[in-house]
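Use the sequences and the hints to build the structure in full.
In order, the protein sequences belong to chains R and W.
Position in the first sequence (from 1) plus 43 gives the number in the working numbering.
Position in the second sequence (from 1) plus 2 gives the number in the working numbering.
Source of the hints: derived by calculation from the structure; they are not laboratory data.
Any given hint could be a false lead.
Once the Cα atoms are required to be at most 25 Å apart in a straight line, the calculated PhoX-like pairs of lysine-lysine come out as [unchecked claim]:
# : chain 1 : residue 1 : chain 2 : residue 2
1 : W       : 98        : R       : 111
2 : R       : 113       : R       : 154
3 : W       : 175       : R       : 113
4 : R       : 96        : R       : 129
5 : R       : 113       : R       : 96
6 : R       : 192       : R       : 96
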Amino acid sequence: MEQAGFEASELVMETGFNSSPVTRGVLFRAVKPVAAVIRERIKPTGAEKREDKMEYLLQRALDLGAEKAKIIDTETVVLADWVRWKCQYGCPLFEKDPFHPPLAPDAASTKRVLGEYIRAILINGPNGQTLTEAAVRLEGEAYHRGYYKAFALTALAPGGGAASAPLGPSPAPGAT
Amino acid sequence: MENELTPQDKQQIEESIRQKYLKAAANPEGLFRYPTGRAGLEALGYAPDMVRALPEAVAASYCGVGNPFLLGPIHEGEAILDIGCGAGVDSIIAAKLVGPSGAVTGIDLVPEMLARANENARLAGLDNVTFQELSAEQLPFPDNRFDMVISNGVFNLVVDKVKALGEVFRVLKLGGRFMLADQVLVGELPKETKTRVENWAR
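See the structure below:
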């Protein structure tokens, strides 16, 4: 699927019905990326400055240590309550800091807040702490470029200290 | 592995698919290891009100391996492509979901299946669904045409899956969704190409 260009490809479940002993019935979904929608929408409207600023933030994310950075539409972020159960049962970080349940915002409130944003920058890389620091730096840089709502939504506390994190729940990729 | 197949192998595979689904067009009961017809729709978790609303002949023609509608909502007014629509039951359900302002296109390789699909759409009283004899590997639609592509039990039969996936990607709108119910291989393929070709559509 990724080879064809899809993203968010996901084997959702097995159907329980198999057509032969060596096959298994599955449900699978994938999405054609929407980032290009944003570019197409912006360019014809003449908002090049806004585009430039986002391009700058994407490049900064890479400079700060992210391996990949892309603009996404916040409407495409999938939120579901079952994830919280995964955290509650079996995750060693449950109840350890404000970045994990039960103190971290639940799916409903996260969805509500994301609804107040149009775009986000999704950053990806192997080192969680580096990404956290990068996201927090990006939040500040986005703010100073006029994205006053920018917020770094991270899974770790900045500065490396999980339980002693001074910030509230999850600070920000630059969302506009 | 698929690249090792010759054009003759591909032809043989497509012919065996046609032969198998030619029988299924008349009546799918007993041809598959999974439930078919109305029982299949119910077992796979299709919305009960949607299943109840299907005319008996339409429901009886269902043969799918899963319920792609469990994978996300379809919205009114959307354009949907159903790859390997068979007798058109999923296309008909999608057509009801998108409503009169939406449109569904079902494609299949088997003319007898398409005839059954057209008859089913007539029985269901729908005029926002059309069917065409086409291969998933070469779609004649423009780029960014569909909001969603659905497929049920067909991609496992496609010979050049990479090419077909590329076509699905191309015809989907930016942000468009691909919802797939299918069979994946969890065991060994037969080593001999001849055996693989003969078993392709079994």
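Comparing the hints with the structure gives:
Proposed proximity of residue 98 (chain W) and residue 111 (chain R) is contradicted: the alpha carbons are some 41 Å apart, above 25 Å. Among the hinted pairs, residue 113 (chain R) with residue 154 (chain R) is consistent with the structure: their alpha-carbon atoms are about 20 Å apart, no more than 25 Å. Simply put, residue 175 (chain W) and residue 113 (chain R) have alpha-carbon atoms about 19 Å apart, close enough for the 25 Å limit, and the pair holds. With a CA separation close to 37 Å, the supplied pair residue 96 (chain R) and residue 129 (chain R) exceeds the 25 Å bound.
As the CA atoms of residue 113 (chain R) and residue 96 (chain R) are separated by approximately 13 Å, the hinted pair is consistent with the 25 Å bound. With a CA separation close to 15 Å, the supplied pair residue 192 (chain R) and residue 96 (chain R) stays within the 25 Å bound.
Consistency with the previously given hints fails for numbers 1, 4, ordered from lowest to highest.
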